[in-house]
Amino acid sequence: MAEDSTVVRFEDVSVSFGDTKALDHVSFEMRAGDSRVILGASGSGKTTLLKTALGLVKADSGRLYVFGEDVTNLKESGWFDIRAKMGVLFQEGGLFDSMTIAENVAYPLLNQRVLSRSLQNQDGNVDYKVREALRFVELEQTLDKYPSELSGGMRRRVGIARAIVTEPPLLLYDSPTAGLDPITANTIVNLILKERDLRNAASILVTHRPQDGHLMANFRYNPSSGQIEAAPQNGEQPVKTEFFVMKEGRLVFAGPQRELKASQDSYVKKFAK
Amino acid sequence: MFDFLKGPVQVFQDFIILSGRALGNVFRSPHYVDDILIQMDTIGVGSLLIVMFIGLFSGLIMGSQMARALATYGAQGQIGPIVSITLIRELGPVLVALLVAGRNASGIASELGSMKVTEQIDAMRALGTDPIQKLVTPRLIATAVTLPLLTIIADFIGLIGGYMVANLKFDIRFSQYFTPAWQILEYNDVVQGLVKPFSFAIIVALVGCFYGMRTTGGTEGVGRSVTKAVVVSSIWIFVVTFFIGQIFINL
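Going down the list, the sequences are from chains A and B. Using the numbering used here, you'd call the opening residue of the first sequence number 231 and step up by one each time. Using the numbering used here, you'd call the opening residue of the second sequence number 560 and step up by one each time.
Just so you know, these hints were derived from the structure itself, not from any lab. Bear in mind that the values here come from a model prediction, so they are computed numbers and not experimental data. Don't take each hint at face value.
[Stated by the list, open to error] Distance windows between CB atoms, simulated:
{"no.": "1", "chain 1": "A", "residue 1": "D357", "chain 2": "B", "residue 2": "W741", "range": "52 to 60 angstroms"}
{"no.": "2", "chain 1": "B", "residue 1": "F563", "chain 2": "A", "residue 2": "D495", "range": "40 to 48 angstroms"}
{"no.": "3", "chain 1": "A", "residue 1": "G485", "chain 2": "B", "residue 2": "V798", "range": "56 to 64 angstroms"}
{"no.": "4", "chain 1": "B", "residue 1": "E779", "chain 2": "A", "residue 2": "S246", "range": "20 to 28 angstroms"}
{"no.": "5", "chain 1": "A", "residue 1": "N430", "chain 2": "B", "residue 2": "M560", "range": "53 to 61 angstroms"}
{"no.": "6", "chain 1": "A", "residue 1": "L428", "chain 2": "B", "residue 2": "T775", "range": "51 to 59 angstroms"}
{"no.": "7", "chain 1": "A", "residue 1": "N448", "chain 2": "B", "residue 2": "F563", "range": "51 to 59 angstroms"}
{"no.": "8", "chain 1": "A", "residue 1": "K499", "chain 2": "B", "residue 2": "G661", "range": "53 to 61 angstroms"}
{"no.": "9", "chain 1": "A", "residue 1": "L340", "chain 2": "B", "residue 2": "D573", "range": "25 to 33 angstroms"}
{"no.": "10", "chain 1": "B", "residue 1": "D748", "chain 2": "A", "residue 2": "S381", "range": "54 to 62 angstroms"}
Think of the CB as a built atom: it goes at the ideal place given N, C-alpha and C, for glycine as much as any other residue.
Kindly generate the complete structure, drawing on both the sequences and the hints.
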């Protein structure tokens, strides 16, 4: 049985789509406040790993624990309450085209049973939370716009607002910086750092860019100055950031950044900046 | 040895699972009433004009073609009953269903397909909503309600079309046309004329949703899903109308 403090725990999890193995005996665990940076080529199983943790993809073998609960054989209806504690940013943003930005961000608040029950009879509360989340990503002025009216980077930021609006203890980011210019990409990672350090949320970041991992591991958000700054190098790191490198569904590397940099494996080296 | 059957059987099984869940959700809350109304507007009101148009023209065509054959027996007076029976039993339901398949099975498949490839369906599941409850069931209910209504309208306008031909070409009066057209109809015909569009509605909505929801391969995949949805639902409409017809003939 997994201990209660683990947020996610994979035990020998395998997933295949037809003949291709998307996840091949993957095992890891993370605790509250931990960060994981998952690197790897396209098609190496990074997105599948996130989707398995969310229960969107079912494991063929192995066991999966989320928030200390065994969810390996959980039915879809049981997953809804667990997903209420997770925030997710999809690769494509996953914003609903037919809804305004405000409706998109309010969606998890209104549709997740656990949350909507506690928010009942508090109409203003939903509105307040939506504004707060959009203020966090500095897009408060876009409330009544539709996703198609925003740029790619703005859509990604709205996706972050929708992921964090429920203040979940676990956040999953699927390639948040893919296809963005370096400046916008840094803005996005800064937002992820800010969310992680303000609320001590566990975060899994899937990315192609080694720089994103570097930021996650070595920088932190300073609430008093409101800036991102280099984390002090002496002593213990405030946030435990581990790096994973995936290849053809397998976790070929797991460890801190200095081990990643020291790795001699030619595939792993590609992802060590 | 029967490996080649694996694929189609798997697809059919997936379709049955989706259908079972969608139909089960009809009796389970939450009900997304707003979505049902929006879909009724798109499918029902949106198809109204074109359904009236094809209803009118099928009546006009049937009236004028039948009249020629009937004239050889001097039986032009039978235009009313012939138009009424063929339209209400068979042509009305099938033509309207084919039209709605072309218009809405494709629309549903492309909308759901685009949502699938842009991860909106995954997002919906991740954010606490069952996509079948939110997307499939409202479309199913909306089509099942509106398609029979559209068929009734098409039948009615088709009868008027037949009358226009009968009156202008053969000088048949209103009561001469409509009284036998009405009298020839039996309970069996009317029930058949309503059971069919109801069944077609279920086919059109579920096939459209099914292919939409299993779209893969980006925007190109959306195109493939749309084509499949229209082709498959059209084929099923013909197969099912034959079998329903057989059941009613033997009643």
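Going through the hints against the structure:
no., hint, verdict
1, A:D357 x B:W741: 52 to 60 angstroms, "holds, 58 angstroms"
2, B:F563 x A:D495: 40 to 48 angstroms, "holds, 43 angstroms"
3, A:G485 x B:V798: 56 to 64 angstroms, "holds, 60 angstroms"
4, B:E779 x A:S246: 20 to 28 angstroms, "holds, 24 angstroms"
5, A:N430 x B:M560: 53 to 61 angstroms, "holds, 59 angstroms"
6, A:L428 x B:T775: 51 to 59 angstroms, "violated, 38 angstroms"
7, A:N448 x B:F563: 51 to 59 angstroms, "holds, 56 angstroms"
8, A:K499 x B:G661: 53 to 61 angstroms, "holds, 55 angstroms"
9, A:L340 x B:D573: 25 to 33 angstroms, "holds, 30 angstroms"
10, B:D748 x A:S381: 54 to 62 angstroms, "holds, 59 angstroms"
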